[in-house]
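Peer 1: Chains A and B, in that order, give the protein sequences.
For the first sequence, this note's numbering assigns the number 303 to the last residue and increments by one with no breaks.
For the second sequence, this note's numbering assigns the number 865 to the last residue and increments by one with no breaks.
Source of the hints: derived by calculation from the structure; they are not laboratory data.
A portion of the hints provided could be inaccurate.
Below 25 Å or equal to it, Euclidean Cα-Cα: the simulated BS3-like pairs (lysine-lysine) are [as the list claims (entries may be wrong)]:
(1) K670(B) to K202(B)
(2) K812(B) to K99(A)
(3) K92(A) to K219(B)
(4) K324(B) to K402(B)
(5) K547(B) to K219(A)
(6) K670(B) to K92(A)
(7) K92(A) to K657(B)
(8) K149(B) to K670(B)
(9) K647(B) to K657(B)
(10) K92(A) to K806(B)
(11) K647(B) to K186(A)
(12) K213(A) to K784(B)
(13) K647(B) to K99(A)
(14) K561(B) to K670(B)
(15) K202(B) to K99(A)
To spell it out: a stretch of chain A is covered by chain B in this simulated footprint if at least three of its residues, at any positions, have a beta carbon under 8 Å from a beta carbon of chain B; those stretches are [claimed, not checked]:
(16) 135-149
(17) 154-161
(18) 180-193
(19) 220-226
A virtual CB, placed ideally from N, CA and C, is assigned to each residue, including glycine.
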Amino acid sequence: MPSNMELRRISATPSPATGVRTAPTVAKMIDTTTCIGCKACEVACQEWNDLFNADIALEAPSEFGSYQTMPDLTANFWNLIRFNEHVEKRPDGSEKFHWLMAKDQCMHCEDPGCLKACPAPGAIVQYTNGVVDFQQEHCIGCEYCVTGCPFDIPRLSKKTKKVYKCTLCTDRLAYGLEPACIKACPTGCLQFGTKEHLVQIANARVEQLKHNGYEKAAIYDPPGVGGTGVIYVLGLGDQPELYGLPNDPHVPWTVSVWKHALKPIGSLLMIGALLGTIIHYVRYGRNEAPGMRKVDREEV
Amino acid sequence: MTNNWVDIKNADVILVMGGNPAENHPCGFKWAIEAKKTRNAKLICVDPRFNRTAAVSDQFVQIRSGTDIAFLAGVMNYMLTNNRIHKEYVANYTNAPFLIKEGLLLPGDNDGLFSGFDPQKRAYDKSTWAYEMGTDNFVKVDMTLEDPRCVFQLMKKHYSRYTAEMVASICGCSKEDFLKAAEMISSTYAPEKAGTIMYALGWTHHSSAVQNIRAAASMQLLLGNVGRPGGGVNALRGHSNIQGATDMNQTHTLPGYLKMPKPEWQSLKEFIDATTPKKLRPNSMNYWENTDKFMVSMLKAFWGSAATTENDFAYSWLPKMDRDYSWVYIYDGAYNGIVKGVFSFGMNPVGNGPHSKKMVQALSRLDWLVVAENFETETASFWKAPKEYDPPAAAQIKTEVFMLPAANFAEKDGVFTNSSRWLQWKWKVVDPPGDAKADQEIIGRLVLKLRELYNKEGGKLPDPVVKMAWNYSNPVSPNLEEVAKEVNGKVLEDFTDEKTKVDYKKGQQVPGYAVLRADGKTLSGNWLHSGYYTEAGNLAMRRNPVDDSGGLGAYHNWAFNWPANRRIMYNRASADLNGKPWDPKRPGIWWNGEKWVGDVPDYKPDYKPEEMIGPFIMNPEGVGKLYAVEMNEGPFPEHYEPYETPVDNPLHPKVSSNPVTKLFKTKMDVYGTRDKFPIVCTTFRLTEHFHYWTKHEAILNQLQQEFFVEIPEELAKEKGIKHGDRVKVSSARGSVEGKAMVTKRIRPLKVAGQTVWQIGFPIHWGYAGKSVGPLANTLTPTALDPNSSTPEYKAFLVSLDKA
Ligand code: SF4
Ligand code: SF4
């Protein structure tokens with residue numbers, strides 16, 4: 004966790020956190036209508052985050068018949084371009100083929116289900132700029148965040164028994180740089196900035212698309228999770244599921260119940276954490292040396 | 063490129079055909095996206111496969127591989143019949159009004175052949191194709207464009223056969239899709255509109271390659287799109303410096319596209335007389351009149367003080383080409399035992415030549431092979447090729463192979479010339495590892511050693527090597543800035559320029575090619591690059607980000623743009639007859655009452671508009687060519703089937719394929735027919751890999767893990783093939799095996815009333831490197847375009863089976 008980033012929320016810890024000042028919420032915009040599926044963002048992510056591990060290629064062979072690098076996100080592959088083939092039936096009876104490329108990664112929800120579900124204090128934090136970040140040294144590997152996430156993002160590493168996902172390159176943001184994927188994208192289909200500004204840009208683009216053959220173009224910023232730190236411009240905006248995005252994501256009710264149960268008895272949090280640790284111990288055995296993230300990654 | 067990468071953003075319509083820039087030029091493709099976002103430009107993609115470019119296009123048309131000319135000819139017919147051409151431009155800036163001699167027969171009236179075909183020689187006698195000359199020795203013209211023998215009328219007649227129905231029948235696309243695309247493309251006929259074309263190897267890898275590009279150029283001329291911001295015919299080059307390689311040397315041209323000497327041109331005078339074109343119209347500038355200056359300056363750069371007036375500037379030391387020495391012929395020569403040794407620098411012939419098995423055989427018949435490379439490539443290790451390539455037993459191969467580790471692009475400085483014709487200096491980032499050396503050091507050491515041996519032992523023709531100008535401060539590893547200065551050119555003796563009265567002093571760098579001389583007082587390694595290293599320094603090092611063209615993205619102070627730092631070629635055509643821009647918002651150059659201003663004029667800056675000097679100064683016609691006598695298969699592009707074709711040519715079944723395709727005769731040069739090989743196959747590249755190099759790089763291997771075959775869903779169903787099944791694809795020359803990628807992105811086509819299947823697979827794999835797989839070129843034919851000698855990599859016949 005970069006020391007110069009202030010926190011808004013901390014898992015299994017009474018809010019508000021240390022954040023006494025506010026900061027503009029940052030966001031990433033993905034204009035799928037100008038994404039060419041070049042995967043520069045994938046490579047940039049792998050390289051900046053030191054995620055590369057040749058073994059993964061063998062774990063995820065290309066047998067599923069796609070240009071997609073692998074079938075799904077993994078604990079050391081946080082940024083995946085999904086390639087979907089779709090035949091649109093147009094109102095005039097004609098058919099139009101689409102090859103839809105959409106970047107899949109953590110959405111940095113305003114209201115993060117992962118953080119809400121997490122029983123380990125400090126394992127998931129949300130900074131004042133809205134970025135949701137996992138702190139592996141506090142992670143107990145219980146995978147409650149996986150249940151809590153409406154986008155199916157966090158992935159448990161079989162080796163480290165900890166959960167990983169996109170950090171929005173927090174370690175770059177902290178020093179005034181944009182995320183690595185943004186930097187690498189050659190077409191400008193990825194943009195980074197304040198959420199407010201990007202929503203304006205996205206809306207303007209949607210208007211343009213509506214005049215250029217995409218009558219159903221729309222922005223994807225689902226209200227069910229309070230909006231997201233990653234917003235999409237979709238050409239076929241009435242069908243986000245074609246891009247692999249849930250239509251109307253919500254934090255699962257089980258998580259909300261679990262949170263409600265905890266609220267009045269805050270001290271139970273500690274018990275929750277303890278419970279989590281026990282679960283972890285039972286499932287995986289003793290976690291010898293949690294170590295630094297960097298080391299974890301090399302082992303992933 | 064006639065224009066440049068940044069200029070794509072100025073287009074109203076972008077036709078991507080014979081190329082896949084989103085896949086293969088993702089960084090440059092940003093300018094197409096920019097045009098879409100900032101000016102609502104329409105992007106049309108025409109390709110055998112729904113590819114990454116198609117994914118972001120406004121209109122996609124799927125065509126059968128190798129039918130591009132039919133499509134473009136159809137668009138031209140649509141334009142000509144619907145009056146969607148830029149008339150003032152066509153009449154004044156093209157050879158539309160030029161008259162052709164009586165006796166020319168067009169293929170529509172002559173069973174698919176132009177007049178003059180000799181079936182024995184498989185070549186044309188072009189005498190009936192010639193222009194009609196007047197008594198003044200200039201071509202006769204009819205400015206009303208009504209004479210039935212003027213190019214315009216002949217062209218109308220020629221293309222009239224390409225109706226929308228005919229296009230649909232040849233290409234296998236729907237008539238509606240074609241018409242929609244034709245309507246969009248031709249919308250730029252309005253003078254204030256501009257449209258561009260982006261193409262690459264999807265046009266050049268065919269047996270009618272050059273005619274594909276001729277068709278595109280004709281279409282752009284009819285629309286008045288050449289020479290203008292947002293227009294042009296833009297070749298996307300596939301390597302960072304392939305433009306530089308083309309500019310500097312080929313076996314069939316000299317640097318700067320000077321012609322290669324032939325045996326019948328024994329003296330310099332004979333060479334100059336034969337290769338300097340004569341003006342065809344009184345108002346033609348005919349810039350190639352300067353051929354002698356460029357040639358002599360080049361000879362002075364090669365041989366310095368040993369090149370004198372007395373010895374014809376050492377012209378006799380240049381090799382004379384008695385036959386085609388282009389790429390495929392070199393290796394055919396090796397196969398036939400004529401070529402004894404090969405130096406292969408940054409080149410992997412076993413990977414990138416057609417017919418990999420023949421390549422392996424060819425190399426195994428050499429006496430020696432030197433490979434300077436970053437990795438041990440298929441070529442360097444041809445002697446241990448897997449058994450699928452039928453290599454001779456290693457013990458029987460007599461070729462002595464030398465593998466020289468070479469520095470890669472980041473391990474040496476120098477200049478890259480990109481598609482935009484920008485010469486951009488680059489700086490070394492790291493030292494090469496181990497024993498690896500920069501190319502100039504490898505060559506430097508060779509030169510010095512050869513000289514030593516010639517001096518000691520003599521030889522048949524020592525002079526070209528012994529007397530070569532090699533005056534570098536470090537002859538073992540020449541400093542590339544010194545080489546750059548030599549390429550630019552310098553003054554060897556004081557002189558006063560006759561026209562400008564400017565004095566030039568010995569030792570000075572020339573400011574550009576305009577001052578080069580035929581008397582030996584200047585040298586220049588490549589006239590076309592002249593101007594890049596002047597007294598002002600190395601202009602290729604410039605990185606000034608200020609756009610001095612009012613938002614058009616010309617960036618005149620960024621790097622150096624050959625020729626003469628001109629960003630758009632033929633830019634005189636961007637203005638009307640009076641010198642006013644066709645589109646005031648997108649001016650190229652314009653007449654300010656005294657001179658031409660704007661971009662660096664591709665014109666004499668003080669030619670008055672009323673002098674009506676033709677805008678295409680490199681053509682002896684002075685105008686753009688809708689009709690080109692130089693082509694070997696006809697003055698107009700005509701649709702010929704690929705050499706291996708699934709159908710008879712619907713236009714003329716008796717002459718199906720290009721009648722002058724270059725073919726080879728060894729027993730390995732076999733060609734398939736549709737009874738055994740009914741499926742059309744094409745090859746392509748992937749974003750994730752670069753050529754045959756990146757399979758040596760693990761992180762990129764992760765992104766595309768193995769060789770695959772793209773198969774239409776319907777065909778897969780018919781053959782019982784599922785995603786991920788292993789399949790075998792065979793041509794007359796060999797077979798490859800890989801995983802099936804069953805997709806909707808390729809559809810069955812209805813061609814001439816029957817269903818034709820297309821499949822395709824990527825290049826990039828081979829038997830060397832960290833990710834091994836079959837070489838795509840195992841299947842490709844040795845059938846070449848008759849003008850450029852480029853192999854038909856992109857359209858051939860195969861069979862498909864479950865492996
Ligand atoms: S997408 Fe999932 S992992 Fe990312 S912030 Fe939202 S809930 Fe958490
Ligand atoms: S870098 Fe940009 S264009 Fe390329 S795949 Fe990623 S998001 Fe798409």
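Peer 1: If a hint holds in the structure, say so; if it doesn't, say that too.
Peer 2: We went through each hint and held it up to the structure:
With a C-alpha separation of about 24 Å, the suggested pairing of K670(B) with K202(B) holds against the 25 Å cut-off. This hinted pair checks out: K812(B) and K99(A) have alpha carbons roughly 18 Å apart, not beyond 25 Å. A threshold of 25 Å between alpha carbons decides the hint, and for K92(A) with K219(B) the separation of about 40 Å lies outside it, so the pair is violated. A threshold of 25 Å between alpha carbons decides the hint, and for K324(B) with K402(B) the separation of about 22 Å falls inside it, so the pair holds.
Annotation: proposed proximity of K547(B) to K219(A) is violated, straight-line Cα distance about 58 Å (limit 25 Å). In summary, the hint linking K670(B) to K92(A) is not supported, as the alpha carbons are separated by about 58 Å, beyond the 25 Å threshold. Between the alpha carbons of K92(A) and K657(B) the distance comes to roughly 57 Å, so the proposed pair goes past 25 Å and is violated. With a CA separation close to 22 Å, the supplied pair K149(B) and K670(B) stays within the 25 Å bound.
Taking the CA atoms of K647(B) and K657(B), the gap is about 20 Å. The hint holds against a cut of 25 Å. Only pairs whose Cα atoms come within 25 Å are accepted, and K92(A) paired with K806(B) is accepted, the gap being roughly 15 Å. Proposed proximity of K647(B) and K186(A) is contradicted: the alpha carbons are some 32 Å apart, above 25 Å. Straight-line distance between C-alpha atoms of K213(A) and K784(B) comes to about 38 Å, which puts the hinted pair past the 25 Å bound.
The hinted pair formed by K647(B) and K99(A) fails the criterion: a straight-line CA distance of about 35 Å is larger than 25 Å. A hinted pair counts as satisfied when its Cα atoms are at most 25 Å apart, and K561(B) with K670(B) qualifies at roughly 18 Å. Between K202(B) and K99(A) the CA atoms are separated by roughly 51 Å; this puts the pair beyond 25 Å, and the hint is violated. For the region 135-149 of chain A, the stated coverage by chain B is violated: 0 residues have a C-beta nearer than 8 Å to a C-beta of that chain, whereas at least 3 were required.
Evaluation of the coverage hint for the region 154-161 of chain A: breached, as 0 residues show C-beta separations to chain B shorter than 8 Å, against a requirement of three. Using a Cβ-Cβ cut-off of 8 Å, 4 residues of the region 180-193 of chain A lie near chain B, which meets the minimum of three, so the contact claim holds. With a threshold of 8 Å between beta carbons, the proposed coverage of the region 220-226 of chain A by chain B is violated, since 0 of its residues qualify and at least three are required.
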